[in-house]
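My request is simple: use the sequences and hints to build the entire structure.
Here are the chains, one letter per residue:
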Amino acid sequence: MTTATEQSKVDALVSRAQALYEDVSFESVRRWKGQAECRKAIGFLPIYAPREVIHAAGALPVGILGGGDQLEIVRGDSFFQSYICHLPRSVVEMAVSGRLDTMDGFLFPSICDVIRNLSGMFQMLLAGKYVHYLDLPQNFDSELGGEFYRTELHAIADAVGALTGTRVTDARLHGSIALYNQNRRAIHDLLQLRREQPWLVPTTEYYLLLRAGYLLPVDQHTALIDEYLQAVPHAGRRPLDNIRVLIRGAFCEQPPLALLRTLERAGCYVVDDDFVLGSRFIPGPLDETGDPWTALVEGFTRHSVSTASKYDEANTKGEDLVSLVREVRADGVLLMAPSFCDPALLDQPMLQSALDKAGIPFTSFKYSEDTGQFQVIREQAGTFADAIKLWGKA
Amino acid sequence: MTLTAGIDVGTGAVKVAIMQDDRLLAQYLERIRRRDVMEVVEESFDASLRQSGLRRDQLDYIGTTGEGDQVPWRTGHFYGMTTHARGALYLEPEARGAVDIGALHTRAMRFDANGRVLQYQMTSQCASGSGQFLENIARYLGVSIEEIGSLSLKGDDPEKCSSICAVLAETDVINMVSRGINTPNILRGIHNSMALRVTGLIRAIKVEGLLLMTGGLASDAGLVAAIEEKLKDGAANLTVRSHELSVHAGAIGAALWGAYRHQKLAGRKENHAGA
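Residue numbers (my numbering), protein chains in the order written: chain A, 1 to 394; chain B, 1 to 275.
Take the hints with a grain of salt, since some may be wrong.
Label-pair distances were calculated between CB atoms; the ranges are [said to hold, decoys possible]:
#, chain 1, residue 1, chain 2, residue 2, range
1, A, T5, B, S150, 56 to 66 angstroms
2, A, H234, B, G267, 23 to 33 angstroms
3, B, M1, A, S353, 39 to 49 angstroms
4, A, A19, B, N175, 52 to 62 angstroms
Read the hints as simulated data drawn from the structure, not as lab findings. Note that CB positions come from ideal geometry on N, CA and C, so glycine has one too.
Here it is, written out as structure tokens:
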């Protein structure tokens, strides 16, 4: 096989992912539903929703991450004050413009007050549709937060099961966990490859591949990543003299693709990030042998990643970040938060203090999902990369 | 021996420098003139290689700057501020500041004896006080770019014009022409308004000693004179100078930083091998 052949394979896979990314009207979901009678789709907002339960109930879990820079906000702005982030505006715009009509229900996982209020708006805007505010526990004791979460999982299973007519049995849930574990393995392999050879996996391609998982059925998404992983090492890509950076803060409202491209062009290889975090909120495989509900509960309470919307009982977020920087051999950190994102921005002083103490260079800036001008960020990322390359340890 | 190339892709022109350690082997400039930028980069790069008698595969590092982050065969990219500071230091080792006036942006930077940028200021997105603006004015006046500097020096009664907005300044110039103001005085007025903007940036970075003008407009004698004139008030410790290779400062800086990176990375490989 030639380099050109492998590159064209990669291009085709990325084009497929890009088409899904640009599908802000969820036509792909509409097509999927049209292939068989009684198919249902459940939309979920950032960050984490137990997709295994939705899948086991026979529905397609669909990630709703806002309209990015592809959607003009006409009515969404009238629902929120000017000091509220951009994502809920575009989600409301999607709802009132009929783009979310194909969804049969919605999950609003707890992140912040804005998302909580958004769930209330949806109950009023889309009266009659299943809308559930998923109150993720902030207590991680199996007997307390764990039990509470178990009740939430069963409530979702019952509600979605009632829509699809499929009862979530232990056997079905086991099957779904197994499929999502395969997906976790594929995403882990993708992350590892990028960490080891970031020039093989440009951030935009990596991002598009992750995003595709929010629309595709899980087995198709796993296959997409696996095909990419097979082709990309032979696509003839060569390393550039870039620095390695870790990104934190982009776990909810997503950065526009052009921003990711800008960072890479400014000389930064992104070797770790929190984009599309729900797809790897529990990075390792869930237990496939015991009680599947316990596997999901333990996965969330014990093995989920540290992020701003999750209570840090032991107060180790800063230390965890420093350890991760060392583990992934990042030269510096970009604290990149959406404008007006309270969880991300309130976490920043804690993270900055830990990075400062550890002597790890960092810089911070804000974006919104529809940011169109990147000159200032380009300068900031460019000078950051230069400072590390010329005067730092890289 | 380290062989490097620096490619500075500007808005108006592509500049290439080929260096052997700190010796400049070749420099080349090609204006873009509405052509495909990457084609101009390829042509300029090949021409500079021919001048230096080198092949592409002999180069240890190809450093880009400006819009050069689009060049797929680069080794690494450096930000314009970093490369202009290093290029200015190469051309004038005593310089501790530079002001780069290109086709679309103007930026002033203060740096130390190692070329490390300590402070900088740059214009926003308005094209006023930039090369493209001056080119437009030259076109209205029917003079060539090369004539601008010498004509401006002949102006003895410069007209005032807007220093804030290129569109307003262009309107001012059209009015001046219709009022019969002669070309030298129009150009000197334009240079004065540009100098006002540039000296604002220079003062903000608090540079002392020698400041080198870089970028395409460094060769505009009228603009250099206007800047010197404006700096007479309150900047007694500052000398402004231009260099015949000023336009190549970015490319030279990219080549020099490329050599530095090549050595740093090679040193790290040796350390790993020795460990």
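How the hints compare with the structure:
1. T5/A x S150/B: 56 to 66 angstroms: holds (59 angstroms)
2. H234/A x G267/B: 23 to 33 angstroms: Because 31 angstroms falls inside the window, the suggested range holds.
3. M1/B x S353/A: 39 to 49 angstroms: This hint holds: roughly 46 angstroms between Cβ atoms.
4. A19/A x N175/B: 52 to 62 angstroms: holds (53 angstroms)
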